[in-house]
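There are 2 protein chains.
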Amino acid sequence: MKSWLDEVTWNSEGLVPAVAQDAASREVLMVAWMNRESLERTVASGEAVYWSRSRRALWKKGETSGHVQRVREIRLDCDGDAIVLVIDQEGGIACHTGHERCFFRKLEGGVWHDVEPVLKDPKAIYGER
Amino acid sequence: MKSWLDEVTWNSEGLVPAVAQDAASREVLMVAWMNRESLERTVASGEAVYWSRSRRALWKKGETSGHVQRVREIRLDCDGDAIVLVIDQEGGIACHTGHERCFFRKLEGGVWHDVEPVLKDPKAIYGER
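The listed protein sequences correspond, in order, to chains A and B.
0 is the number of the first residue of the first sequence in numbering that gives the first Met the number 0; add one for each residue after it.
0 is the number of the first residue of the second sequence in numbering that gives the first Met the number 0; add one for each residue after it.
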């Protein structure tokens with residue numbers, strides 16, 4: 000029997016991009032990647048689990064930082080090759096830089112400007128490393 | 000001199016995923032891909048131009064359908080490998096299926112359900128083909 004996981008159009012690396020959108024502010028917080036197992040675990044646990052392409056490992060969001068994402072809703076697009084997670088962001092910080100979200104750079108006059116504040120020093124989030 | 004385009008982390012195919020978010024409703028409408036030229040043209044024209052991976056060609060959104068996306072804001076994420084376009088969606092329809100947005104499928108009880116209406120028959124959008 001075809002599973003809901005088979006309806007996702009995984010790319011040649013077995014991945015699909017996942018957009019995390021804040022349930023309250025509706026802002027796009029981040030874009031990450033998921034493989035089959037990370038999506039399965041996300042659904043089973045109700046908390047976002049991604050696939051880290053750099054570490055080549057499952058990446059439970061908030062595992063170190065505590066900035067867990069509680070999943071309220073999961074959406075799939077028309078051709079099955081992109082996902083939206085509507086989430087509640089624990090701590091109000093999605094980005095490892097300490098910004099609310101990863102999209103804090105805005106193009107203005109041919110320059111990317113940081114237009115959102117750092118809410119918490121990454122050293123305080125992750126500890127001195 | 001390093002251009003704003005060089006700050007984008009293009010993948011091995013020279014592409015970056017772009018999330019189109021509606022300026023008014025704040026909904027995530029679609030995820031598409033951009034190459035350098037499509038992003039340049041988007042900025043120059045103020046209307047979204049993507050890269051069609053299936054057709055391997057620049058894809059001016061709305062060229063056939065009239066469902067042009069006027070770009071209000073362009074955001075880049077922390078590691079430069081994803082873009083958000085905040086746009087005004089002409090015609091209120093972003094998806095080729097005639098839905099407001101491509102993310103009309105919601106996971107409920109292990110099944111993807113269509114939870115949003117078709118606003119316009121695709122045959123009426125594109126003509127009989």
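Please keep in mind that the hints were generated in silico from the structure rather than gathered at the bench.
Heads up, some of the hints might be wrong.
Note that the list lumps identical chains together, so a pair holds whenever it fits in one copy or between two copies.
Result set (SDA-like, lysine to any residue): computed pairs, CA atoms no more than 25 Å apart in a straight line [what the hints assert, rightly or not]: (1) LYS122 / LEU14; (2) LYS122 / GLU72; (3) LYS119 / ASP78; (4) LYS105 / TRP3; (5) LYS59 / VAL114; (6) LYS1 / ASP120; (7) LYS1 / HIS66; (8) LYS105 / THR63; (9) LYS1 / LYS122; (10) LYS105 / LEU14; (11) LYS122 / ASN10; (12) LYS59 / GLY79; (13) LYS105 / ASP21; (14) LYS105 / ARG25; (15) LYS105 / ALA43.
Hints, verified against the model:
1. Proximity of LYS122 and LEU14 under a CA criterion of 25 Å is satisfied in neither setting, with 31 Å inside one chain copy and 32 Å between copies.
2. With identical chains, the CA atoms of LYS122 and GLU72 are never at most 25 Å apart, being 31 Å at best within one copy and 31 Å at best between copies.
3. In this homomeric assembly, LYS119 and ASP78 come within 25 Å of each other (Cα to Cα) only across copies, at 18 Å, whereas the closest approach inside a single copy is 38 Å.
4. For the homomeric pair LYS105 and TRP3, the shortest alpha-carbon distance between copies (11 Å) is at most 25 Å, but the shortest distance inside one copy (36 Å) is not.
5. In this assembly of identical chains, the alpha carbons of LYS59 and VAL114 never lie at most 25 Å apart, being 28 Å within a copy and 28 Å across copies at closest.
6. Taking CA atoms no more than 25 Å apart as the test, LYS1 paired with ASP120 passes in neither setting, with 46 Å inside one copy and 28 Å between copies.
7. For the identical chains of this complex, LYS1 and HIS66 are neighbours neither inside a copy (34 Å) nor across copies (34 Å), given an alpha-carbon limit of 25 Å.
8. Proximity of LYS105 and THR63 under a CA criterion of 25 Å is satisfied in neither setting, with 28 Å inside one chain copy and 30 Å between copies.
9. Taking the shortest alpha-carbon separations for LYS1 and LYS122, neither the intra-copy value of 45 Å nor the inter-copy value of 29 Å comes in at or below 25 Å.
10. Taking identical chains as interchangeable, the C-alpha atoms of LYS105 and LEU14 lie at most 25 Å apart only when they sit on different chains, with a minimum of 19 Å there against 27 Å within one chain.
11. With identical chains, the CA atoms of LYS122 and ASN10 are never at most 25 Å apart, being 35 Å at best within one copy and 29 Å at best between copies.
12. In this assembly of identical chains, the alpha carbons of LYS59 and GLY79 lie at most 25 Å apart whether taken from the same copy (23 Å) or from different copies (21 Å).
13. Taking the shortest Cα distances, LYS105 and ASP21 sit within 25 Å of each other both inside one copy (19 Å) and across copies (16 Å).
14. Taking the shortest alpha-carbon separations for LYS105 and ARG25, both the intra-copy value of 18 Å and the inter-copy value of 17 Å come in at or below 25 Å.
15. For the homomeric pair LYS105 and ALA43, the shortest alpha-carbon distance between copies (16 Å) is at most 25 Å, but the shortest distance inside one copy (35 Å) is not.
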